[in-house]
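Student: Top to bottom, those sequences are chains A and B. So the first sequence is numbered by my numbering: it starts at 1 and just counts up by one. So the second sequence is numbered by my numbering: it starts at 1 and just counts up by one.
Do not take every clue at face value.
Restricting the straight-line Cα-Cα distance to at most 30 Å, the calculated cross-link-like pairs of lysine-lysine (DSSO-like) are [as the list claims (entries may be wrong)]:
#, chain 1, residue 1, chain 2, residue 2
1, A, Lys302, B, Lys422
2, A, Lys315, A, Lys198
3, A, Lys166, B, Lys302
4, B, Lys127, B, Lys315
5, B, Lys305, A, Lys150
6, A, Lys364, B, Lys302
7, A, Lys106, A, Lys145
8, B, Lys315, A, Lys362
9, A, Lys362, B, Lys120
10, A, Lys27, A, Lys315
11, B, Lys286, A, Lys144
12, B, Lys11, A, Lys422
13, B, Lys127, A, Lys420
14, B, Lys286, B, Lys315
15, B, Lys302, B, Lys315
16, B, Lys364, B, Lys420
17, A, Lys411, A, Lys362
18, A, Lys362, B, Lys302
Some chain B residues judged to face chain A by a derived CB distance under 8 Å, without partners named [to be verified]:
#, residue
19, Val41
20, Gly92
21, Ala96
22, Ala187
23, Glu210
24, Gln229
25, Asp300
26, Val329
Since the hints were made in silico from the structure, they are not lab data. Glycine residues also receive a C-beta, built at the ideal position from the N, C-alpha and C atoms.
Number of protein chains: 2
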Amino acid sequence: MGKQFLEITEKKEVEATISHIATEVAKARAKTSTSVEKVNVNEALGRIASADIFSALNVPPFNRAIMDGYAVVASDTFYADENNPASLIINGSIFAGEFPSHAVDKGSCMGISTGAPLPKGANATVKVENTAEYTEVVEGKKLKKVKVYKPVAPGENIMLAGSDIKRGERIVRRGTTLTPRETGVLAACGLNEVLVRKHLTVAIISTGNELIAPGEDLEPAKIYDVNAQTLSDSVRECGCTPHFLGIVSDDIEEISGKLKQSLGSGADVIIVSGGTSAGVGDLLPKVIEELGEIIVHGVDIKPGKPFIFGTIRGKPFFGLPGNPTSALVTFNLFGAPLRRTISGISARNHEEGERRKEKRIKAKAAQRIFSERGRNEYVLVNLVATKKPEEASFLAYPILTGSGAITTLSKADGYIFMEKGKEIIEEGEEVDVELFID
Amino acid sequence: MGKQFLEITEKKEVEATISHIATEVAKARAKTSTSVEKVNVNEALGRIASADIFSALNVPPFNRAIMDGYAVVASDTFYADENNPASLIINGSIFAGEFPSHAVDKGSCMGISTGAPLPKGANATVKVENTAEYTEVVEGKKLKKVKVYKPVAPGENIMLAGSDIKRGERIVRRGTTLTPRETGVLAACGLNEVLVRKHLTVAIISTGNELIAPGEDLEPAKIYDVNAQTLSDSVRECGCTPHFLGIVSDDIEEISGKLKQSLGSGADVIIVSGGTSAGVGDLLPKVIEELGEIIVHGVDIKPGKPFIFGTIRGKPFFGLPGNPTSALVTFNLFGAPLRRTISGISARNHEEGERRKEKRIKAKAAQRIFSERGRNEYVLVNLVATKKPEEASFLAYPILTGSGAITTLSKADGYIFMEKGKEIIEEGEEVDVELFID
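Just chain A, same shape as in the assembly:
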């Protein structure tokens, strides 16, 4: 019973064909506004930015202190040392979140907390550790003053407005998959909504007279449908939305009806499992030829030989073998890679993501890295891939914007641990980078 009429295609050719179709579909999809949606940043984790995102403001929005201490006119502290401290009048103090009501004049200062805006006139912060407060009685009045034991240069211990992110600066590149670092940068810029690509919707249909849905009673000669579950979950793992349309029997009208339904429901991709092998009348190929085009029928792999790929009204169509293992293997080989193309994930982003799925990878220090003496230090680094996917195929650049900067986050791919006692990493030294993933 039945006959074989597969024309076996080579795997590489199948991959090239699918990639070509996916690119066409992606282009068509990019032109429609329906492929983009606005979501709350709270729901944006893992989504793909559909356009470049720019900051509408400076971060920080004002010059701010990055140490607890005193906002001063730097020149007042020049030449100060332990034996010859500078003495300044304390003219009030300012906490984070407060706006300074007055300026700092030469000879005076204001107490300031980390994060507070620097008052006018001040151009540096003296760390509290390098000072001592005291009271002086001048003309019968108690005057609060502070001794400064170390000089500061203009700009020291402060962060200038816009030094982290400048108004108008691009903060997220189109095609980037949003991680907590990117959503953090969006938050820093005050954004609570973001334009992302819509999830691809993948219609899934199981065919086979013998199939029953799990949860229902098992009748004689029937078995439970496995592919609806494994394919739906595999689609979810790809970051797409599965839409299971149900089990259909081996009937040309039924299969054709379901396929039309999947097109009507707006599916971006259609997957049917079962009904692909020779025998039982080859229903599926017949239906596809009626509604669209079969491009591949049969591939030189085992398991998975009777694999079908084609298009129905411009939508990629996958006919996977009914056998659960074969279905999963062929989906992983030919279906999963489709997502990147159609979703518009930037290739760099994706490829590096692929190579970064480990929690820890080896890299080479791109330059000398110093650590503070006597501290276990986590040096945030940015990884740049070198050409070959070999060991230590990344260069690790330390991020020098400082831990106060928000952009440190989005630039960082992970961190290098420098244990107490290790104070220098030489350029080219191999390092372990702990990546920012669970």
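Dock chain B against the given chain A, drawing on the hints supplied.
Tutor: Same frame as chain A, now just chain B:
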């Protein structure tokens, strides 16, 4: 202003402390039924099985053909060859999903499709390729017959009831994270619901007079809150549910009130960012000491020195620095590992998961592996970790249950590609294993 009263603890000691508390919390949690919920298998991807799961039925539920051909009494075909085929009367045929209405007697057979139940009397399937149908006229009546050119042994090309999964067999181990392979096995056993551990709920609170929520208007001296976003998303990446309770100002009553609210909301873990460093009155440590216990205040790492860990009414409490980078680093170091312990992910499962986040890994073949001549073959393998996390630290065992078996799926971690022409992999040979992840 302010003073330092951190007592610096070593990082390793902090990790040990957190691990100890997490274990206690996990034990307490395991005793309450509220830590478990029943979900539809469709929503179970990535969830953790809270108990061993057993099959209530045999898979397959009946003896089934695994080839298109003829259901025969094997002994009828013994000694058959090209020159001397066995001749059998075709007594009807049976398709997948149909229940055979009659038995196969010696000298006769039934046409059978892949997946159809084997009729009584038959004990093997002859592949259609090894046969030829013909018509014989006997006493004026046309009789459909088939010539069989190759003998089959009893059991050949059939799958016995329960040979894949036996009724009562454990199909998923408690603590397993459910992938498409496990959900597929649940489906095969007819299960559409599964008991899983509830997601951990993590309450998140931001403190700081200077903070404003993204989306609101920026006032003078204020900045947008970044930590609510990065910590919520990092919690999501850990597979837990964040519950952001809002921004509170640096006020002892407000902070205390929010913490009580987080306890009331049933949070499993509480994270507060900001308010941990010396200065600004050290509000947070004061509040924690009132409501619970501070175990760690200060750790010998940079960034992240002012990190706090403690418990409030038995719940783990994390006080993270307000600085976004420091908050994220300390969460990754100390917060993220908590999930595994409290959620009850089995250690083996987790550890191997960690080491398998790449798409492809090196392994050594645990035994000789053969491929079919002239085919590109994907050999499904199960990985067993050897002791050291070095290269090729996994042994790859080929799965021999055949592609028809459902359990092949849940046993498989990935596949080895044997290109056409490569017919043998020797025991101990290094192989690339493509893992079952996108």
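Student: Going back to the hint list, which numbers does this structure go against?
Tutor: Structure breaks hints 4, 8, 9, 13, 20.
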